[in-house]
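Colleague: The residues making up each chain are set out below.
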Amino acid sequence: MNGFGIVKGLFVTIGHFFSTYFADHFGPKTEKLKRGTLEAGGLFTVQYPEESVNIPEEFRVIPFLVYTLDESGQRKYRCTACGICAKVCPTQCIWITRKKDEATGKPVPESAEFYIDIDKCMNCGSCAEFCPFDAIKMDHDYRIASYTRGETHIYNKERLGKPLEYYAKIRPGNYSQEEAERAAKAQPVRTD
Amino acid sequence: MSDMTVIDPLTDDLISRFSPNVELDSRPGYTGIIVLTSALVDVFSYLKDQLGFDYLSSVTAFDDYPEDQFEIVYHLFKTIGGNGVELKVLTTREDPVVPSVTSLYPGADFQEREIWDMYGIHFSGHHDLRRLLMWEGFAGYPLRKDWIEPLFEEDVKPFKNRWPEGRGFHKENTNPFSDNVQYPKEFDPSGFSTETDESLYQALTADLPIENDELGTDRLVVNIGPQHPSTHGVFRMSAVLEGETVVALKPVLGYMHRNHEKIGERNTFLQNMPFTDRLDYLSSMSNNFGYATTIEKLMGVQPPERAEYLRVMMAELTRIASHTMSIGFLLNDLGAFFTPSLYALEERELILDIFESVSGSRMMCNYFRFGGVVRDISSEDLAKVKYMVEERLPRKIDDLDRYLTDNEIVRSRCEGVGVLTAEDAIGFSAAGPILRASGVPYDIRRADPYSIYDRFDFDVCYRNHGDVYDRYLVRLDEIRQSLRILKQVIDQMPSEGPVMSGKVQYQGKVPAGEAYGRVEGPRGELGFYVVSDGKLNPKRYHVRAPSMINLTGLERMCVGGKIADAVTVLGSVDIVLGEVDR
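Keeping their order, the protein sequence lines are chains A and B.
Remember, our numbering sits 1 above the position in the first sequence when you count from 1.
Remember, our numbering sits 66 above the position in the second sequence when you count from 1.
Note that these hints are calculated values from the structure, not bench results.
All C-beta atoms in this analysis are idealised placements derived from N, C-alpha and C, irrespective of residue type, glycine included.
Some hints here could point you the wrong way.
[Claimed, not checked] Okay, the calculated beta carbon distance ranges per label pair:
hint, chain 1, residue 1, chain 2, residue 2, range
1, B, Ser445, A, Lys9, 37 to 47 Å
2, B, Glu310, A, Gly16, 31 to 41 Å
3, A, Gly16, B, Asp557, 31 to 41 Å
4, A, Thr105, B, Val367, 40 to 50 Å
5, A, Gln178, B, Gly366, 23 to 33 Å
6, A, Glu179, B, Asn227, 25 to 35 Å
7, A, Gln48, B, Ser478, 31 to 41 Å
8, B, Phe403, A, Ile56, 47 to 57 Å
[As the list claims (entries may be wrong)] 30 Å max Cα-Cα, derived BS3-like pairs, lysine-lysine:
hint, chain 1, residue 1, chain 2, residue 2
9, A, Lys9, B, Lys628
10, B, Lys462, A, Lys35
11, B, Lys452, A, Lys35
12, B, Lys328, A, Lys121
13, B, Lys569, A, Lys163
14, B, Lys328, B, Lys569
15, B, Lys569, A, Lys121
16, B, Lys605, B, Lys226
17, B, Lys569, A, Lys170
18, A, Lys101, B, Lys226
19, B, Lys211, A, Lys121
20, B, Lys462, A, Lys30
21, A, Lys30, B, Lys452
22, A, Lys100, B, Lys462
23, B, Lys226, A, Lys107
24, B, Lys575, A, Lys121
Could you put the whole structure together from the sequences, leaning on the hints where they help?
Modeller: Okay, structure coming up:
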């Protein structure tokens, strides 16, 4: 019968409309917290910026450099300026200079300068994947809009640095796994 | 090394028949048959008419710089399945002329134009040899090895100045004009004319009969796009109308051209992986799959069992996400403003949630490595996939089916519109749902199985009318078949095991040689042709982009129809401009 297909289709939209309405107004309040997920009832769309999606641990934007604070409150970066991240970077947005010992002039395993041009960075995560020292990691902070580009988008070492505790907070699974591996490595090898 | 080596009886046959015009490519790591330009058309006719190689999958060129030689590489297959044949033609850099094969294989049209555009190789006998991606008046041929782009730094990555000297700067700020513009030496910008569409309009009207003066109607040239909501990006269709009827139509590509292949030849092999995500950005996992498969052919590595299942799982989820979205946006083009596409996007979002959790990014997944995948899937994500595949998606796909398939408006707008016959579809090298909707059950997962697709039980979906409605139905059917594959993947996947064979190296060695790998992406045959010379970077990196080649038949689908239907047809071809324009 002509027109039957349209009516059948309209029942689908009406079904969506009512289920959304009733779930949002009469359903349990927790449903609103699950918007955009598998358990979502009611409205599916996440009302950003009032709400935001839960981001999984592996989510990645813009690398950061992990540091710890020593006794005097100085930042101690894990980075040894080996340069693997600069070599593996597909867009070549990383620049590193290695620090030299002031007395002898010999290079020391520490970066003097570390730049990332975040206009170029494509968030692929290769630097974090191939860093042998767990020194560079991918961030979760995606709110990075700014009014200017140019120099403000070339992040220096100061801007890139984030404490180890922050890393442990945003990626607890990866952190605990890496720490376990470190502890296993640090154990003295038995020589019997 | 490559699956091309098993066609020996064929090679013998060709050599005995066409000797001395035909010889085997005997360089180590290379396969294929070298044909002299004089015998090219004969060999192609023989292959097509006598041996049944009716499907010209890919045509590309390769610059042998600094040697004075271009190679044009053809990959031919049979639509009844099986191994292919690779032909090569050599020509000099000084005066590169090769006979065109468009009379035998119309699908070579855009690909030959692209080679003309990128390498300056002239195809004699091509009916419309204009630049495809760059604009008319562009100086130079970008993919030649001695062509240097603006803001050029070094030939290959990694660039040496990044470490240990280092110095953060925006390259474009170092340009004295403080702009991205830099002209080649022999180019005079004052002589550049913006009236470059003349050649396009000439080509459009060239084949048309003289206007019918009796009725006193005028032909009208209408440009749809590049900024038009129905083109899904910056794509332009230039059409000639008589009344409302389309009499000629040419797609104009290249508004988002980034020269993906040049970038790929500057990159190391691994650095290309995230760039492949950006080709067809709606199905990045498939692109990763194709590239990884090709490089694995060269390297001779085999991913572990669990990784293979993970790959298939991700590729099929991608297909579902891409097809649901394609169906939704086809309805958008028909005028069903956003309700169907938002129902479709809901499922896609949930699939992308899984991708995000597994690979770290929703669309630019960068999940595959040579010999495996980056990381294992967690048990929670696997449970999610299981729930999606077994509970939610079948229900939602049925919902979409119920919602749209019988709708009288959809049927009257789609049935009989944009028809492509089976012969045309094969001739135009159409791939994927376009080809299968025309009644050609050709699916690479079945015709030339890669990875572990030979283990799964699934049907190759096809329909016989070749119209927009059948393309929609084929996509719907394919989603159901993908769900069927996914159920088997979840059942058969080993519960644990490595996901990477060996340790992934950031500058892994790829032996010298060539490989053509192809996978069945959501839009059709996605092929990668890679030549390695044993160094860190590929010497040639070519993408056989299904979206772009599917557009070759667009004129045939649109001519004779109404201009309003051209939008529907384009929606049913389901192009992604990242891949069309590369």
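Colleague: Hint by hint, note whether the structure agrees.
Modeller: To see whether the hints hold, each was checked on the structure:
At roughly 40 Å, the beta carbons of Ser445(B) and Lys9(A) sit within the given window of 37 to 47 Å. At about 38 Å, the CB distance of Glu310(B) to Gly16(A) agrees with the hint of 31 to 41 Å. Taking 31 to 41 Å as the suggested C-beta distance range, the pair Gly16(A) and Asp557(B) conforms, at roughly 32 Å. The hinted range of 40 to 50 Å is satisfied by Thr105(A) and Val367(B), whose Cβ atoms lie roughly 45 Å apart.
Hint check: Gln178(A) to Gly366(B), Cβ distance near 31 Å, so the stated range 23 to 33 Å holds. Here the CB-CB span from Glu179(A) to Asn227(B) is close to 31 Å, well matched to the stated 25 to 35 Å. For the hinted restraint 31 to 41 Å between Gln48(A) and Ser478(B), the CB-CB distance of approximately 38 Å keeps it satisfied. A hinted range of 47 to 57 Å is violated for the C-beta pair Phe403(B) and Ile56(A), which are about 31 Å apart.
With a CA separation close to 29 Å, the supplied pair Lys9(A) and Lys628(B) stays within the 30 Å bound. The suggested pairing of Lys462(B) with Lys35(A) holds, with an alpha-carbon distance near 19 Å, which does not exceed 30 Å. This hinted pair checks out: Lys452(B) and Lys35(A) have alpha carbons roughly 19 Å apart, not beyond 30 Å. In summary, the hint linking Lys328(B) to Lys121(A) is supported, as the alpha carbons are separated by about 17 Å, within the 30 Å threshold.
Among the hinted pairs, Lys569(B) with Lys163(A) is consistent with the structure: their alpha-carbon atoms are about 29 Å apart, no more than 30 Å. Between Lys328(B) and Lys569(B) the CA atoms are separated by roughly 28 Å; this keeps the pair inside 30 Å, and the hint holds. A hinted pair counts as satisfied when its Cα atoms are at most 30 Å apart, and Lys569(B) with Lys121(A) qualifies at roughly 28 Å. With a C-alpha separation of about 19 Å, the suggested pairing of Lys605(B) with Lys226(B) holds against the 30 Å cut-off.
Between Lys569(B) and Lys170(A) the CA atoms are separated by roughly 28 Å; this keeps the pair inside 30 Å, and the hint holds. Restraint check for Lys101(A) and Lys226(B): satisfied, since their Cα atoms lie roughly 19 Å apart, inside the 30 Å limit. With a C-alpha separation of about 24 Å, the suggested pairing of Lys211(B) with Lys121(A) holds against the 30 Å cut-off. Taken as a hint, the Lys462(B) and Lys30(A) pair is honoured in the structure, with Cα atoms around 25 Å apart against an allowance of 30 Å.
A distance of roughly 27 Å separates the Cα atoms of Lys30(A) and Lys452(B); the hinted pair therefore holds under the 30 Å criterion. For the given pair, Lys100(A) sits about 58 Å from Lys462(B) by alpha-carbon distance, which is inconsistent with the 30 Å threshold. Proposed proximity of Lys226(B) and Lys107(A) is supported: the alpha carbons are some 21 Å apart, at most 30 Å. Using a Cα cut-off of 30 Å, the hinted pair Lys575(B) and Lys121(A) holds, with the two alpha carbons roughly 27 Å apart.
In summary, the structure is inconsistent with hints 8 and 22 from the numbered list given earlier, while agreeing with the others.
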